[in-house]
Every structure is written in C-alpha cells, then in structure tokens.
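Line order of the protein sequences matches chains G and H.
For what it's worth, this note's numbering labels the leading residue of the first sequence as 1, then goes sequentially.
For what it's worth, this note's numbering labels the leading residue of the second sequence as 1, then goes sequentially.
None of the hints are false.
Remember, identical chains collapse to one label, so a pair may be satisfied in a single copy or spanning two.
BS3-like mimics (lysine-lysine), calculated; alpha carbons at most 30 angstroms apart, straight line:
#, residue 1, residue 2
1, LYS74, LYS297
2, LYS210, LYS10
3, LYS13, LYS86
4, LYS297, LYS73
5, LYS73, LYS173
6, LYS310, LYS86
7, LYS310, LYS373
8, LYS172, LYS121
9, LYS310, LYS74
10, LYS358, LYS13
11, LYS381, LYS310
12, LYS74, LYS381
13, LYS154, LYS210
Calculated directly from the structure, the hints in this document are not laboratory data.
2 protein chains.
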Amino acid sequence: MMFTLIHQDKTSKARLGKLAVAHGEINTPCFMPVGTQGTVKALSPQELENSGAQIILSNAYHLFLRPGLEVIKKAGGLHNFMSWQKPILTDSGGYQIFSLALLRKVSDEGVSFQSHFDGLKHFFTPQDVISIQQDLGSDIVMPLDECVHYPCAKDQAEVAMKRTIDWARRSKKALGSQFSVFGGHRTPDTEHRELLFGIVQGATYEDLRKTCAERLIEIGFDGYAIGGVSVGEPQNLRYNIAEFVSRLLPQESPRYLMGVGTPEDLLEAAGTGIDMFDCVVPTRYGRNGTAFTSIGKLTVRNALFSQDYKPLDPSCDCYACRNFSRAYLRHLFNTEEILGLRLVSLHNIYFYLQLMQKVREAIRQDRFMAFKKEFLSNYNKEG
Amino acid sequence: MMFTLIHQDKTSKARLGKLAVAHGEINTPCFMPVGTQGTVKALSPQELENSGAQIILSNAYHLFLRPGLEVIKKAGGLHNFMSWQKPILTDSGGYQIFSLALLRKVSDEGVSFQSHFDGLKHFFTPQDVISIQQDLGSDIVMPLDECVHYPCAKDQAEVAMKRTIDWARRSKKALGSQFSVFGGHRTPDTEHRELLFGIVQGATYEDLRKTCAERLIEIGFDGYAIGGVSVGEPQNLRYNIAEFVSRLLPQESPRYLMGVGTPEDLLEAAGTGIDMFDCVVPTRYGRNGTAFTSIGKLTVRNALFSQDYKPLDPSCDCYACRNFSRAYLRHLFNTEEILGLRLVSLHNIYFYLQLMQKVREAIRQDRFMAFKKEFLSNYNKEG
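Pulled out of the complex, with its shape left as it was, chain G reads as follows (with noise of 0.2 angstroms):
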C-alpha cells in the first residue's frame, strides 16, 4: 500500500501514517518546505535534508514558465535538476493561474493565460498540466483546478467545484492513458508511478465542498486535498472547512491542507485528521527576520536583541541556534547581510520539521491533544 495508517490518536482525530512514493517514504503527519522555482528560498537541499525535510513542494506553472520543461527534462527530471532525490510534490500551478497570470479566461476546455512575467499566451488543459508535471518527474501530481477567491458568491464556486471535478476525471484519465501508452520508460509497479490526488474545492459552502468530495471520491484517487483555504479567510472559518471535509475523506487514504499554514493552523488541523501540508510562511517570515520560535513569533530587528546572546530559541538545535545570537542575527539584519535571512529561514523550517515530528511521536503516544495544549500554551505565553 502507498500509504499506510500507523496509529490513530485516542484523544484526537489526529493519525500517525506512512506514505510510500517513487523517491522514498514520508512520515505523516508531514510540512512539506516550499520550493516554487525549485528551490526552497534561501536554502541548499543539503540544509532542507539536515533539518529533517522529507518531502517538498514544486510548482508547474512556475518551472514551465521558467527555465521550461526541456531544460528539466534533459537535466533527467526535476530531483537531478534541483539535486534533491527526496520526494517532490508538485502543484499543478491552478493557484497561480487565478492569483498571478494575466488575462486569464477559463473554458470547460482549461485556462488560457499570459505569463506573469513576460506575458505569453498559454493554455492548459487538465491533461497538459499533467503531462507537464511527469515531465518534471514529481512524486506526487496535483490536477488542474479552478480556484476562487474569498469571499465568492455560491452560483460562482460551484460553477468552478463543477469544473475541479471534470477536470480531475480527465487529469486521472490522463495520467492512465499515458502510463499505458506512452509507459516505456516507467514502471507499471505502482509503487514506482506518480500519485494523484484530488482537489476538493467548493470555497465556503459545505454542502458544496460535500458535493466535490463524494465525486472525487467516486472517481478514486490516490489522496486528496483540500483547496481553496489560506486565501483570506477567517481563522474559524478554515479550520471549519479542515476539519468538515476531513471526515468525509476515506480513512484509507492521505489528506493534505493545501497552503497551510501557521504553527497554531497545522495543530488545529492536524487533530482533524490531515496527513499533509505546505506553505511560503517559515521561509517568507524568516526573509522577512521573523523567527518561530517555542515561545511565539520573534521579530529579529527588534532593538530588545541588541544585546541579547541567547539564540533564537533556546531549546532549538539547529544552525543557527547552535551558533549564533539574537544579537548577531540582528546585526545580519540591520545590515542587510545575506546570511540572516538564510540563518532565520533555516530556523523556521527545522522548526516546522521539528514541531511535525514532535506531532508524530505526540500521536504515537495517544497524547496528542495534551502536546497540543503544552505547545500553544507556551507559544503563546510571549505571542
């Protein structure tokens, strides 16, 4: 099996589980580090490994804007290119479709759009979007789908819920078809293809977020998650929708919250029952000199740490913590040296990883929610 429950937690709804992909195996519940352009902003894949990554994230539609696929494929895919030989997740780029490109127009056909950066006609199909990303040699497919923006009037998100589940039909079609025929150079062990998962969209509304869940899962795939959160919604209003199509997806199969979120998001969620997540905010807020640490958020540039020796986070073993000082960092800062926004960015992901794999053995231990509890209370205490 490609994924394999370990342990449901007795005091949550939170689960320990093994997803096995082309590249390796992931531990769930698991933080996938954003690496868009492919690479993970500021960091080396030797740092990502180090600090305990064990999968992360890629996207379609920026690798085939930029460097385009024949520059990946001749590198041998997209683990050679970047050289990381862990797992990769790829986005299908839908999100960045609706968020960046330009003079979008969408058809039941797919989406036409220029280039945000030198804007160039494209269109994609759902099987385009597909075949781009075996292209790029991903672990783990996402299909095409349409995203809206928050709020959206209900006629409008279920024109674009109606549109995710003929779009994922054809996207696993696609990916069928071309295993069969066009499978030379892959192997039909299904441990070794790509997986796909299904998009569960439907903005607010549960009974259309129902609706799309009870469809993808009648055309089977081999996770699904839920799209359409992080886009500005109430804090309230997306752990609601985490933990509503939570219960709808088969217990069988990995779930993953796409785009989230903060360390009080992947708690929240994570005691639903969601195996998987991303999202820009440990490497953006770590550009930016914003640390996560145990006890709540640290501004670096902050003039308390003009002289203040401690690192980041005291009970942190990463580089940076085992290295250098809230002083120093800030300095790096101030003066606008690279190196602290690499030793900020590098914290928040071990961070992330670290707080995941204290999440793993908290659920192995049917002591989730008091892990939960203990963390919050602590990471609040400064916040």
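Based on these hints, arrange chain H on the given structure of chain G.
Okay, now just chain H, sitting in the frame of chain G:
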C-alpha cells in the same frame, strides 16, 4: 617565532610560510575572504571552514558603526559574535574612511568624519583605532593609515605617507602601552597577543614607497602590508609596486598585499614574495553571477548555459560543483533566487582557497613558475 619561513621557491621569489596568531596557524601564501560587516557575504562560517579558509578579514570602521563595539565586546569579541574561531585580521577602516565616510577632515592628530549611513560624527586617533581592534579581539591589527586616490600628486602622496608612518608609530606605542598597562586580561605570551602590521603607502612613487618601507622597518612591526593598491591604477603599475615594495621588506616577516585581487594578480604577487591577500572579488562576482573557473571566468546568466549540465568548473569539487549544473545556476540567477548567489559565492571562495593551496604545493616542490604558467594557460584559454 610567529612567522616561519618554510621554503623558498627556487624558480621565483615565492615563499612558503606559516604564521602563528592567537586563534591558530595560517599557511602562507594565503587568501583571506572578506567579511567586512562580520560576515563573509552570503556564506556561513561552516561553509568557509569547509572551503579551507584559514583566516578571514573584517573591518573596524564598519563594525564600530554597526553593531557598535559594546555589542561585540559583550559577546566576548568578534570571534564569538560571528561564530568563527579561526584567525581574524581586522582592517583599520582607513580605506573606508577615505572612500565611504562623509565630510572627513584629516589632521596629524587623526581623522574626523561622518558615518556613511547615519551621518553621525566621529573622530578617530590612531590610538582609538588600535583600541577598537583590541576590543574586537582581532588576531592581526592594522594601524590607521591615510589612503590617497589614483592618480595622486606627489606632494599630496608624500604628506599622506609621512602621516601614515607617524600614525603607525603611535599605533605601535598604543598597542604596547595597552599591552603593559591594561593587559590584565591578556597574556604576556607574545604568541597570544594580537600582531600589528605596518602599512607601506606612497602611491605609485617608488622613492616614497622606499622611504615609507624603511621607516616602518626601523620602527619594527610583526608584518608589513602594501596599501594603496587596487585603487584604480593599471595592472602593470600594481604589479610593479608590489614587486618593488616586496623586495624592500624583511625576509623574516609576513607580507600582505591589501585588497588584491584577481587570480592573475594573486599569482603575479605571490611570485614576488607576497604572503597574504584579501579581496572582495570572489564574493562580489559571485553575487553578480560571475564564476572563476580553471578555464577562466564564466557568466552564469549566459544563454549558452541554458542547457549546459556540466558543473561550473568540472575540475572543482566544491559543494556547488558536486551538486549543481550551469543550467540550474543560470535558472536560479534568472529567477533571482538567493541560492544562486550563495552557490557561486561559495564556488568562488573555494576556487580562490584551492588556488592558494596549489600555490603552496607548487612552492614546496620548487615549481611555482611552471605552475603559474600552466594555470594561466588554462585560465586564459576561454577568457
């Protein structure tokens, strides 16, 4: 002895030596990566150490302004502050005061100036500058000197040169007196005190250079630096000064050519008996996407490399060359990803340090001139 001459090359004036300072031994000829603001730009101390850096250079002027001396003193000195436990040479900042600072006014007593970033007024005597570097905990201290631009009228160069000698004398006295009067926390063991170098100025005038060198030798310093080069003069003039001054300096003392240079410069000057170098070129070029390789400089953004899967330098075994292709690095620069400038900076520093390693090996084998010829023949092949 703090400087030991190990071997004199039989084919040139190049020499192999060992310099012992408080934080360790340095094999010479050596290159010192530049960490002006307490960080070698874009690199971590771990990466520097893995690249074979034996000593780095930092800058008293910059660190005095930001983060300020108190911050570094309370950290236990610059080594602790930046987490670098190998030797550090600090430049006095004379060059920066004369190139960066605003409204400077020089008198025999010292120099007044306004900070280049916040406009605050400061006044430095030569004694102050020694005291600052002692507070930093520097292994090798440089006296305040008066730097002139190129070209410079002879009378002006002479005034600056004489002032430089006077300031050097006062710097030595300041170090000596502090050593005896305030030296309670420092050991009287000469191997564990900071070294003080004299800086030979005199612009492009041989007679001024000669006078300066002779006076400084009379005063007596732990080593001698050649300043006022790499200030815009033609390459052959730079080589002439280096060679001319190098000949005047005592055999038994280390010789440091400040702010130099390109790989060609380093070889040329090492052949005249220079032992130490520093330059921002490898990191500055690295950030701009120019790599130094065994077959010449390479512009990473060049469209030629869009599908070139060779490493930057196939004969290099740095982390960048072992793991990444030119095509990937080009992609990182095109998409303005920080990892790109990190990797090319890392490669360039590694390349420089390896070059010096090869220089030392060639001297040991009495084949410096053959090595130099061979290196330049490859280096200029595609230049």
